[in-house]
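Positions in the first sequence are counted from 1; adding 529 to them yields the working numbering.
None of these hints come from the bench; they were simulated from the model. Note that this is a predicted model, so its numbers are computed, not measured. C-beta atoms are modelled at their ideal positions from N, C-alpha and C, and glycine is treated no differently. A few of these clues could be false.
Simulated restraints, written as ranges between beta carbons of each label pair [claimed, not checked]: (1) Ala-539 / Arg-672: 32 to 40 Å; (2) Gly-706 / Ala-668: 28 to 36 Å; (3) Gly-559 / Asp-537: 28 to 36 Å; (4) His-610 / Arg-671: 20 to 28 Å; (5) Glu-697 / Gly-655: 32 to 40 Å; (6) Pro-589 / Asp-558: 26 to 34 Å; (7) Ser-659 / Gly-621: 18 to 26 Å; (8) Arg-652 / Asp-544: 27 to 35 Å; (9) Pro-541 / Leu-692: 14 to 22 Å; (10) Arg-639 / Ala-557: 19 to 27 Å; (11) Arg-694 / Gly-596: 19 to 27 Å; (12) Arg-563 / Pro-681: 18 to 26 Å.
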Amino acid sequence: MARLTTLDLAAPAEDVAPRLLGAVLVVADGAARRRVRLVEVEAYGGRRDPASHAYRGPTPRCAVMFGPPGRLYVYRSYGVHWCANVVTGPSGDASAVLLRAGEALDTRGRPVAALRGPGLLTRYLGLTGSDSGALVAGARARRAWLLAPTAPVDVAVTGRVGLTREQERPWRFVIAGHRAAGPGPRPVRVAPA
DNA sequence: CCAAAGATGTTCT
DNA sequence: GAACATCTTTGGT
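Turn these sequences into a full structure, and let the hints guide you.
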């Protein structure tokens, strides 16, 4: 399996996020592999972003966001669900991209199920808080790998979901024709393939 | 179809 | 004590 990616994860989250659409996240599940093609993501701007967990500085939960890019940040949402991010930007920037929805892929890369919402997506991949900090890019990735998109996709943008602050910031990115369940305006197409 | 309620870890006030 | 980057179940229209 290819373990390299052409994605530049050291760029700001709002630049990385649309480039993650169509990327495939692979997670080892024993001898098997879980594969999800990302169809909806959201950017969080760390210290620059009042809606980010990292806005007020590092805590035990979000400390991994302040490290180098290319690692997972997995947190517990509403005490119930796990939600996964990919850390982006240079060390100390604490920006990250939340994985909101995807398509489960079979071993031949064909879509077999829609994974709507960050909690369901993360649960399908089997990721929990113990995976927070795991590398997903580069030769040292061990359990999870992020594979760059193999084809251009149609990207749409809206405000983010479930926030009480900065909801209007247009940092939610969706492959045209897809979206997670839940509230929010319809995406507006911004970039043809 | 849509709205409301409930579960409950981490962080903040 | 309250808010929160969520989802499921239940009950209404």
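Verification of the hints:
Our hint of 32 to 40 Å for Ala-539 and Arg-672 is violated, since their Cβ atoms are close to 22 Å apart. Range check, Gly-706 to Ala-668: Cβ separation about 35 Å, and the 28 to 36 Å hint holds. One distance hint, 28 to 36 Å for the beta-carbon pair Gly-559 and Asp-537, holds here, with the actual separation near 32 Å. In this structure the hint that His-610 and Arg-671 lie 20 to 28 Å apart at CB holds, the actual value being about 24 Å.
Distance hint check for Glu-697 and Gly-655: the Cβ-Cβ separation is about 34 Å, which falls inside the suggested range of 32 to 40 Å. Under the hint 26 to 34 Å, the C-beta atoms of Pro-589 and Asp-558, about 27 Å apart, fit the expected range. Distance hint for Ser-659 and Gly-621: a CB-CB separation of about 24 Å, consistent with the stated range 18 to 26 Å. Distance hint check for Arg-652 and Asp-544: the Cβ-Cβ separation is about 28 Å, which falls inside the suggested range of 27 to 35 Å.
For Pro-541 paired with Leu-692, a C-beta distance near 19 Å keeps the hint of 14 to 22 Å intact. The supplied range of 19 to 27 Å is met by Arg-639 and Ala-557, whose beta-carbon atoms lie about 20 Å from each other. At about 24 Å, the beta-carbon gap between Arg-694 and Gly-596 stays in the expected band of 19 to 27 Å. At about 25 Å, the beta-carbon gap between Arg-563 and Pro-681 stays in the expected band of 18 to 26 Å.
Checked against the numbered hints given earlier, the structure breaks only hint 1 and satisfies all the rest.
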